[in-house]
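Trainee: Residue-level listing of the chains:
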Amino acid sequence: MSDALPILEVRDLKMHFDIGGGLLDRLKISGSGVRIDKPVVHAVNGISFSIRRGEIMALVGESGCGKSTVAKTIARIHQPTQGEIRIDGEDIASYGFAKMLPVRARMQMIFQDPYASLNPRQRVRDIVAEPLLQQTRTAEERKAVPARIEALLAKVGLSVEHGGRYPHQFSGGQRQRIGIARALSVMPGLIIADEPVSALDVSIQAQILNLMMDLRDEFGLAYLFISHDLSVVHHIADTIGVMYLGFLVETAPRDVLFSHPRHPYTRALLSAAPSIKERRDVDEITLNGEVPSALTLPSGCCFRTRCPFAWERCAQERPRLADVGGGQKVACHLVEEPDRDRP
Amino acid sequence: MTVQTQHALLAVRDLRTYFHTFSGTVKAVNGVSFDIGEGEIMGLVGESGGGKSVVGFSILGLIDSPGQIMGGQILLNGEDLVTAGEDRLRQIRGREISMVFQDPMTSLNPLHTVGQQMDEVLRLHSDLDAAARRKACVEMLESVGISRAADRLGAYPHQFSGGMRQRVVIAIAMLAKPRLIIADEPTTALDVTIQSQILKLMRQQIAARGASMILITHDLAVVSEMADHITVLYCGNVVERGRTRDLIETPAHPYTRGLIDSIPDPANRHPRLKQIPGTVPDIRNLPKGCNFRDRCPRAQALCAVEEPQLRPQNASQWAACHYPLQPGDLA
Numbered sequence: 012m013s014d015a016l017p018i019l020e021v022r023d024l025k026m027h028f029d030i031g032g033g034l035l036d037r038l039k040i041s042g043s044g045v046r047i048d049k050p051v052v053h054a055v056n057g058i059s060f061s062i063r064r065g066e067i068m069a070l071v072g073e074s075g076c077g078k079s080t081v082a083k084t085i086a087r088i089h090q091p092t093q094g095e096i097r098i099d100g101e102d103i104a105s106y107g108f109a110k111m112l113p114v115r116a117r118m119q120m121i122f123q124d125p126y127a128s129l130n131p132r133q134r135v136r137d138i139v140a141e142p143l144l145q146q147t148r149t150a151e152e153r154k155a156v157p158a159r160i161e162a163l164l165a166k167v168g169l170s171v172e173h174g175g176r177y178p179h180q181f182s183g184g185q186r187q188r189i190g191i192a193r194a195l196s197v198m199p200g201l202i203i204a205d206e207p208v209s210a211l212d213v214s215i216q217a218q219i220l221n222l223m224m225d226l227r228d229e230f231g232l233a234y235l236f237i238s239h240d241l242s243v244v245h246h247i248a249d250t251i252g253v254m255y256l257g258f259l260v261e262t263a264p265r266d267v268l269f270s271h272p273r274h275p276y277t278r279a280l281l282s283a284a285p286s287i288k289e290r291r292d293v294d295e296i297t298l299n300g301e302v303p304s305a306l307t308l309p310s311g312c313c314f315r316t317r318c319p320f321a322w323e324r325c326a327q328e329r330p331r332l333a334d335v336g337g338g339q340k341v342a343c344h345l346v347e348e349p350d351r352d353r354p
Numbered sequence: 149m150t151v152q153t154q155h156a157l158l159a160v161r162d163l164r165t166y167f168h169t170f171s172g173t174v175k176a177v178n179g180v181s182f183d184i185g186e187g188e189i190m191g192l193v194g195e196s197g198g199g200k201s202v203v204g205f206s207i208l209g210l211i212d213s214p215g216q217i218m219g220g221q222i223l224l225n226g227e228d229l230v231t232a233g234e235d236r237l238r239q240i241r242g243r244e245i246s247m248v249f250q251d252p253m254t255s256l257n258p259l260h261t262v263g264q265q266m267d268e269v270l271r272l273h274s275d276l277d278a279a280a281r282r283k284a285c286v287e288m289l290e291s292v293g294i295s296r297a298a299d300r301l302g303a304y305p306h307q308f309s310g311g312m313r314q315r316v317v318i319a320i321a322m323l324a325k326p327r328l329i330i331a332d333e334p335t336t337a338l339d340v341t342i343q344s345q346i347l348k349l350m351r352q353q354i355a356a357r358g359a360s361m362i363l364i365t366h367d368l369a370v371v372s373e374m375a376d377h378i379t380v381l382y383c384g385n386v387v388e389r390g391r392t393r394d395l396i397e398t399p400a401h402p403y404t405r406g407l408i409d410s411i412p413d414p415a416n417r418h419p420r421l422k423q424i425p426g427t428v429p430d431i432r433n434l435p436k437g438c439n440f441r442d443r444c445p446r447a448q449a450l451c452a453v454e455e456p457q458l459r460p461q462n463a464s465q466w467a468a469c470h471y472p473l474q475p476g477d478l479a
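So the protein lines, in turn, are chains A and B.
Per the working numbering: the first sequence ends with 354, consecutive numbering throughout.
Per the working numbering: the second sequence ends with 479, consecutive numbering throughout.
Bound-form chain B, shown alone (with noise of 0.2 Å):
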């Protein structure tokens, strides 16, 4: 899936998303921008307090007090979601952008049939009566793997296991056609065999519809399967983004390399693995300077004065480090 194109579906310019709490304000996201093009998947990946949920909240406008954007843009199509009124968000959501979540426990609703929470997408998202409406469900259904669906329609969501369940959310964000999805580790809470049975239906059902995707996860090796680009979040901002194997192979960045290093690699085993020391810093207090310097190798006196932006590095990758890896490097 190397859909080369020159339009961008979604861009999103210098996102700011604050969250003003009691103990200070925290930069959850804090100036975010990349462009996704039509048929493509794109990878956001980082470790827990990266932002890279909140990307994904803030492009749906689900950020709530005491959460706010406080700057940037977010263009589907050329249209600002930012400035938007939430009718129009309503419009949007569900229909244009749908969103899968992590936990297919708790992102159905229990006390309804799955045919309830199916049927309400296309009540609000198309015109059809409710037979069509009932037929395109249970074509959905069948679509994403569940046999008998005409009469699953009928059953709760506790009558389904967990990968079940997945599919089940799946089916449910693709029944309006949306142009985007969103899907914020959907896999993490599955077994790997089930993983894997989701992550092929995921890319089938995108190829089949030519929609684009936003896979959050903090999972790099299931990112690398899927994706054609990967951005990098580290404190709220971009560190690296590129296409997915040249960033895999030879990342630019010392905090991407240093999270490849931490996989262990079975091809290649060493008695130490690679680690990143040190923690993530506190996010409401970041240092002056380059966020990642703390932990980084390769840091020197102008990472600690000075905030690296993000530089193109070759043909089809940018990182934001001052002294940023060379494909021969070692650390």
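Isolated chain A, as found in the complex (with noise of 0.2 Å):
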């Protein structure tokens, strides 16, 4: 595996939801005769990106933006209605179960309900060890597991003794160690992290980010973190792609995307953010209306109908992502005709 190979790289990824239930739910007769709706929601609608080894790339975007479910078709909790998804070069979209399997040693996930996410009736330790039991084979490799499973608790802050209690036993911030323990159990080099810390009081966020930062620096482990928090994911990431309606519509390094944010969405987004700076004394954008219905998109541009620049270009073709420099890529129609950049 070389270095140049990135660990994770996603490409014209699309996820559709089939919401139709059963035939006589989806019949509709109308004046004209009877037809057969297929609703479907259009949840990620081709975005590719690419993740290097150690390296924390972060999707911002709303709910309902289809951030969360890229996470979980890249863990391939769904099945990709078309695109790849490389691993260390492997493409891994049409897997099955079986196939997955040794996958799954090489990519982990931490979820944001810290509640929901462990099991009420096992122990920490049985918790942790689970993925670690499903990639062992030999009775050699079992035997060393008790060992890795202290050493994992202690790497994530936790005593020997928290292995044999319940989850119950543990605050939001334990259980969140707990699940970072579980997926650090079988050495990843990716770690999908869906909104991590959403659940987790302010000072106990902290805590955690400081944990995953740490592990990051120890094992070189590339996180693909899913948070709706600007401030959060200025903190953590070294690349940020901002997602809205199921596209991504600016990737950029950091310092750029919050320094030179492009897509008036981003610019929205940020400016939108409460801080306990000095308020500012104008907001550069804001948005009125709502995120459309992800069942019928607009024409065009997904973000045309909040734009405050949009004209009719925007509603007859949709922007692609093009490079800008700098490593930021922007799809939007004002990178090529920049006069109509004013409100």
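One or more hints might be untrue.
As the list claims (entries may be wrong) - Calculated cross-link-like contacts (lysine to aspartate or glutamate; reagent style DMTMM-like; alpha-carbon spacing at most 20 Å):
no.: 1; chain 1: B; residue 1: 348; chain 2: A; residue 2: 301
no.: 2; chain 1: B; residue 1: 422; chain 2: A; residue 2: 301
no.: 3; chain 1: A; residue 1: 288; chain 2: B; residue 2: 409
no.: 4; chain 1: B; residue 1: 325; chain 2: B; residue 2: 275
no.: 5; chain 1: B; residue 1: 175; chain 2: B; residue 2: 455
Said to hold, decoys possible - Beta-carbon label-pair distances, calculated as ranges:
no.: 6; chain 1: B; residue 1: 436; chain 2: A; residue 2: 180; range: 19 to 29 Å
no.: 7; chain 1: B; residue 1: 171; chain 2: A; residue 2: 15; range: 26 to 36 Å
no.: 8; chain 1: B; residue 1: 212; chain 2: A; residue 2: 40; range: 32 to 42 Å
no.: 9; chain 1: A; residue 1: 228; chain 2: B; residue 2: 231; range: 58 to 68 Å
no.: 10; chain 1: B; residue 1: 253; chain 2: A; residue 2: 90; range: 22 to 32 Å
no.: 11; chain 1: B; residue 1: 171; chain 2: A; residue 2: 306; range: 26 to 36 Å
no.: 12; chain 1: B; residue 1: 214; chain 2: A; residue 2: 144; range: 36 to 46 Å
no.: 13; chain 1: B; residue 1: 290; chain 2: A; residue 2: 331; range: 37 to 47 Å
Honestly, the hints are just simulated from the structure, not real lab data.
Yeah, the Cβ is synthetic: ideal placement off N, Cα and C, and Gly gets one too.
The two chains are supplied separately, each in an independent frame; assemble them into the complex guided by the hints.
Mentor: Structure representation (structure tokens):
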């Protein structure tokens, strides 16, 4: 495995969910006859990005933008509708359960809700050992598991005695530590973290973020970090992708994105985020209205219904994610027609 | 909005709300005092279990068994709500004090139209006839930014999005022109671009009506953009209170400082976040002395013995700490 090869490469990933229900639910009788609807949620609509070894890539966006679906599709909880998911160059998009098993030693997931993501009837040491036991084949390897679990618990700041307890005996922050230990158990190169600190109080959130950063430094982990919180993302990510309605509208290295956001949605998101600093005089862009339904996507640009700059071209032509230099990519017609960039 | 007033609209004095459970007495609110003047917005912040929501419910007399207000006074224009009867509280709720809850999905009745739920407030709290009530509802919906308001009166809550529902909840809270609005995490369930719309709306509505507000939230950033004053709760006690900018820029209590430092700061990025070590203690079994001492970098022997009292630190700030931070201190 060369260092040049990204640990994760996603190409043109699409995830559509058929929510039609049974035939009778879908049957629509109108004046002109009978027709069968096929309602589809367009959760993810062709996104591409890659993560290098040891890199932290964050996906941000508001609820319903598809960021969690991307995470779950890459973890192959969902079967993608279309596209490639390459782990160390190996396309796993169409793998079945058995073929995924060895891949799961290289990729693990941390979930948002530390209450729902741990089995309440398992002891902590069994929870942490589960992925590891799935990957061990010989009796000898099995023998090494208990010692490994102890080391893992220590690594995430829990003690050996904690291993014998049940999840309900822990606070939210401690439970998230257990979830991290479980993900780490197989020594994966990539961890997919879906809103790992959103359910935690701010002082506990800082503890978990610090732990994740320490682990990255120690083991050279790469993270795909899903979050809605821009201040958290700014703290942890090397690269940031902004999603809207299932599209990636902008990706850039962290400092570039925060200092020179190009897409109107990114700019709106940054100006809407509250801050403990003295209030800025003007909000650069304030959005009206809400995100349109993913059942029927707007024609052209996904953001045009709320964009203060939108003009005719935006309704006709879907902008493509184009390189604008400095590692920044933007999907917006304003890049080609900068004169229109005024409210 | 820095209206300076001599007269406190609401004065809470040494409020104690306890919950008697099988595993012990939970002192959720344990001696909380604060004042809110007319037209002021006060932020009540703290982490989960700090007691901030219980303060809100206590003011409205919404504490049910096993909870009980054990002591203290809640003075609304001098009238004590702790000793007021249920009939009097029913008159006050919705008319003098109204509440906006966190979750706009569950705080509206799914079986009644928005119009019915708005009309109910005016039927209870005004002498208007049906036509005048309807007119008032339409005007209110329009003022919170809902278009085609007259048509939307007939819609059910599920026909609105989350942000729109929270606008409806705010409209209902404002209908009877209350003097005080208690907003309990009003934007926590909303996305950031919708949150900024709702916060702006609340600021406008409060200013236009000269009402006061208690903004209960865990989010210091939201509070610092909205509030005139901030009160910080920890384990049911006020640990610090003060004018917003002073408290954010020069916090005196190590807990306030810890909360502020835990927020990643885009302008000043460090490889590691400052964290408050440990977790909130079990509120049924609080340590002797200062509740925060186990997590406090400044704790000394005295902190284990004597509970610190709220003392003035400067012209605008009060803190309950034996070793408060001075403006120049680093940690």
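Trainee: None of the hints should be skipped; say for each whether it holds.
Mentor: Hints, verified against the model:
no. : hint                      : result
1   : B/348 x A/301             : holds (16 Å)
2   : B/422 x A/301             : violated (36 Å)
3   : A/288 x B/409             : holds (12 Å)
4   : B/325 x B/275             : holds (14 Å)
5   : B/175 x B/455             : holds (15 Å)
6   : B/436 x A/180: 19 to 29 Å : holds (24 Å)
7   : B/171 x A/15: 26 to 36 Å  : violated (58 Å)
8   : B/212 x A/40: 32 to 42 Å  : violated (51 Å)
9   : A/228 x B/231: 58 to 68 Å : holds (59 Å)
10  : B/253 x A/90: 22 to 32 Å  : holds (30 Å)
11  : B/171 x A/306: 26 to 36 Å : violated (48 Å)
12  : B/214 x A/144: 36 to 46 Å : holds (44 Å)
13  : B/290 x A/331: 37 to 47 Å : holds (41 Å)
Hint compliance for this structure: hints 2, 7, 8, 11 are broken, all remaining hints hold.
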